[in-house]
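Undergrad: The residues making up each chain are set out below.
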Amino acid sequence: MTQVYFEDVSMGDEIGPMIKNPTREQLATFMGVWGGGPSRFNSDEVARSEGLTGVILPGHMSMALLTQLLTEWKGPSGRLKSMEVNFRRYLQPGDTLALKGVITDTEVVDGENRVTLDVYIENQKGERAQQGTAVVILPSK
Amino acid sequence: MADAEIDVTDTIDFDRSVLGVEVDVGSAEVTAEQIIAYSKALGETNPLHLDEEAAKAGPYGAVIAPPLFYNVLRVGAGPDPKVNFGTTGFDAGQHVEFFEPIKAGETIHARAKVHDVYAKTGRTGTMVFAVRRTTFSNQDGELKVVLDRINVRRDIRQ
Numbered sequence: 580m581t582q583v584y585f586e587d588v589s590m591g592d593e594i595g596p597m598i599k600n601p602t603r604e605q606l607a608t609f610m611g612v613w614g615g616g617p618s619r620f621n622s623d624e625v626a627r628s629e630g631l632t633g634v635i636l637p638g639h640m641s642m643a644l645l646t647q648l649l650t651e652w653k654g655p656s657g658r659l660k661s662m663e664v665n666f667r668r669y670l671q672p673g674d675t676l677a678l679k680g681v682i683t684d685t686e687v688v689d690g691e692n693r694v695t696l697d698v699y700i701e702n703q704k705g706e707r708a709q710q711g712t713a714v715v716i717l718p719s720k
Numbered sequence: 003m004a005d006a007e008i009d010v011t012d013t014i015d016f017d018r019s020v021l022g023v024e025v026d027v028g029s030a031e032v033t034a035e036q037i038i039a040y041s042k043a044l045g046e047t048n049p050l051h052l053d054e055e056a057a058k059a060g061p062y063g064a065v066i067a068p069p070l071f072y073n074v075l076r077v078g079a080g081p082d083p084k085v086n087f088g089t090t091g092f093d094a095g096q097h098v099e100f101f102e103p104i105k106a107g108e109t110i111h112a113r114a115k116v117h118d119v120y121a122k123t124g125r126t127g128t129m130v131f132a133v134r135r136t137t138f139s140n141q142d143g144e145l146k147v148v149l150d151r152i153n154v155r156r157d158i159r160q
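Heads up: the protein sequence lines correspond to chains A and B, in order.
For what it's worth, the numbering used here labels the leading residue of the first sequence as 580, then goes sequentially.
For what it's worth, the numbering used here labels the leading residue of the second sequence as 3, then goes sequentially.
Hints may be right or wrong, so weigh each one.
Stated by the list, open to error - In silico SDA-like links for lysine to any residue, alpha-carbon gap of 20 angstroms or less:
id	chain 1	residue 1	chain 2	residue 2
1	A	LYS679	B	GLY45
2	A	LYS599	B	PRO49
3	B	LYS115	A	LYS679
Said to hold, decoys possible - Some, not all, of what chain A presents toward chain B, calculated at C-beta under 7 angstroms:
id	residue
4	VAL612
5	TRP613
6	HIS639
7	MET642
8	SER661
9	MET662
10	PHE666
11	THR683
Claimed, not checked - Derived DEER-like restraints, expressed as beta-carbon distance ranges:
id	chain 1	residue 1	chain 2	residue 2	range
12	A	TYR584	B	ASP15	51 to 57 angstroms
13	A	ARG667	B	LYS58	37 to 43 angstroms
14	B	ASP26	A	THR602	36 to 42 angstroms
15	A	MET590	B	GLY28	41 to 47 angstroms
16	A	GLU686	B	ILE8	30 to 36 angstroms
Calculated directly from the structure, the hints in this document are not laboratory data.
For every residue, glycine included, the Cβ atom is placed at its ideal position computed from N, Cα and C.
Let's have the full structure, built from the sequences with the hints guiding it.
TA: As structure tokens, then:
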């Protein structure tokens, strides 16, 4: 992993897109760790009874995918400080997710090199399934 | 739009006595196997999440969990504000602050409270927001994550 430094970034810089194609197998593995009974996340039958076409990803699974855009970008010495994400649309296995970010602010606060970003997940129709903001601390050169 | 919304919290029926009351909602042991399976499900590539040998030689001395791993810990939800409104509820998002990473071998303790309940009426009707705050720490009291989970209730007949 390469390291990005605070001095290298500025407002308006874009990061990504990182493309993710979550599969049914990955969702099943995820649900195996989370556990719980039949739900819209692990049973097509339950999902259909709720008016969905089939199983959907838990919102926090999609958000965890979005988080990877930041953890891969920040490098080993960067730190993800906070995230605020709104869940707007559900995503399903087989969807193509484009994870994107844009830097909206850079400032030094309490000795921390804070980079604030808008982050979002776009589906294959160009709709924003999740969007929010994140703060990443980057090292200085 | 925000400027057209009216705060109607006072008109909403919910249990105000639970506001701000923090309770223990349980603890969960974290294994390397859980973290590795979770990381594979997300298509993670960082060896610190996937490879026990590499992680042991790394800065944390154990496999560390990706930032959102706290979501799969089986702990309780905490006090219920019993919002008596609407026909449907959904998970509207999370606000989360990260401290130290969760490591394999730790026991994570969670405490939760109803942080806020508020209601707004706007162009698309009334929505009631319940914000539940959960604080995750390890067995030594080391702070891991502070999570605000936002649930929205609305009346789809409006």
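Undergrad: Against the structure shown, which of the earlier numbered hints fail to hold, in ascending order?
TA: 3 and 11
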